[in-house]
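J.: Each chain, letter by letter, is given below.
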Amino acid sequence: MDGTDISGSAVAVNDKELVDKLRNREPAAVVELCNAYFDRIYRLVFNQVDGDRDVAQDIAQETFLAAFKSAHRFRGQSKVYTWLYSIANRKVADFYRRRKREGKHRADPLENQVSEAETDGTVESEETSKSIQQALSCLPLHYKQVLLLKYVEEMPVAEICQVMDRSSKSVEGLLTRARRELRSELTAQKPK
Amino acid sequence: MTDFNSDDGIKRMLKEAYQPVAPSSEFKEQMRKRLAHEVHSAGGDMSPPVLARPKLVVPIISAIAAGLIGYGVWLSLNLVPNLIS
Numbered sequence: 000m001d002g003t004d005i006s007g008s009a010v011a012v013n014d015k016e017l018v019d020k021l022r023n024r025e026p027a028a029v030v031e032l033c034n035a036y037f038d039r040i041y042r043l044v045f046n047q048v049d050g051d052r053d054v055a056q057d058i059a060q061e062t063f064l065a066a067f068k069s070a071h072r073f074r075g076q077s078k079v080y081t082w083l084y085s086i087a088n089r090k091v092a093d094f095y096r097r098r099k100r101e102g103k104h105r106a107d108p109l110e111n112q113v114s115e116a117e118t119d120g121t122v123e124s125e126e127t128s129k130s131i132q133q134a135l136s137c138l139p140l141h142y143k144q145v146l147l148l149k150y151v152e153e154m155p156v157a158e159i160c161q162v163m164d165r166s167s168k169s170v171e172g173l174l175t176r177a178r179r180e181l182r183s184e185l186t187a188q189k190p191k
Numbered sequence: 000m001t002d003f004n005s006d007d008g009i010k011r012m013l014k015e016a017y018q019p020v021a022p023s024s025e026f027k028e029q030m031r032k033r034l035a036h037e038v039h040s041a042g043g044d045m046s047p048p049v050l051a052r053p054k055l056v057v058p059i060i061s062a063i064a065a066g067l068i069g070y071g072v073w074l075s076l077n078l079v080p081n082l083i084s
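Line by line, the protein sequences give chains E and V.
Mapping the first sequence onto numbering that gives the first Met the number 0, position 53 (from 1) lands on 52, and the numbers just tick up by one.
Mapping the second sequence onto numbering that gives the first Met the number 0, position 29 (from 1) lands on 28, and the numbers just tick up by one.
Honestly, I wouldn't trust all of these hints.
Coverage of chain V stretches by chain E, computed from C-beta distances (three or more under 8 Å per stretch; other residues unrestricted) [claimed, not checked]:
no.: 1; stretch: 8–20
no.: 2; stretch: 23–35
Some but not every residue of chain V turned toward chain E, in silico, with C-beta under 10 Å [what the hints assert, rightly or not]:
no.: 3; residue: N4
no.: 4; residue: V38
no.: 5; residue: H39
Please keep in mind that the hints were generated in silico from the structure rather than gathered at the bench.
The beta-carbon is built from N, C-alpha and C at its ideal position, and this holds for glycine as well.
Chain E on its own, in the form it takes in the complex (with noise of 0.2 Å):
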């Protein structure tokens, strides 16, 4: 499988030999590990955040250390990469559930992500993407994953089904109710 080095080039990994060194815990495993897949695990947390880099740092970081500590468990009968989007999943899902417990309010992050994004400079319409970014933040949780999952990263309904730890029916009946939320979501942000 192809992953994305940590300093930011293409690097080939092969996820059997991976997986054996996490299960012998190998040290130098987890830094290959990050090598492959930390920018995947970063864009899906950062999103799934509502772009505030600081907290998908902070669970990124989790991510990794959670695989490492939990590798021996892996049974490798699922990708490398979906088992990382599991983790990053529930750390994600902890972590709104840490927040509402503090009952902290959100500090508007989007503006973080409209910023990164102006940094790329490939953002056609801010506007749009901005309101799709608020309608998005305003689902539940697990609508949001479901829809970057599907949409965003382009993962298939069987491995939703493993990163969501759900049945493939259970997934479908949340797609078809996540878009229709999203929808309503974005029918109420248009200008009357």
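Given the structure of chain E, go ahead and fit chain V onto it with the hints provided.
T.: Here is chain V on its own, set in the frame of chain E:
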């Protein structure tokens, strides 16, 4: 606004709104150092549970089995004759 009633419309719209982002190179470097540090400092805690290490499972189970057999033999030689007499 993009058509969000079709599957393709939603995909196009979300792809446009969520452009690929990458963490800064300084953060990556810091994180790599921190992970390496945590992995090394965790040391013993990071080693897998004994039963998850295949090379150790066989000798441990063999030693336990040998001990049990030995104990059984000792019991039969010492206790059973005493009970009979």
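J.: Honestly, which of those hints from before does the structure not fit?
T.: none
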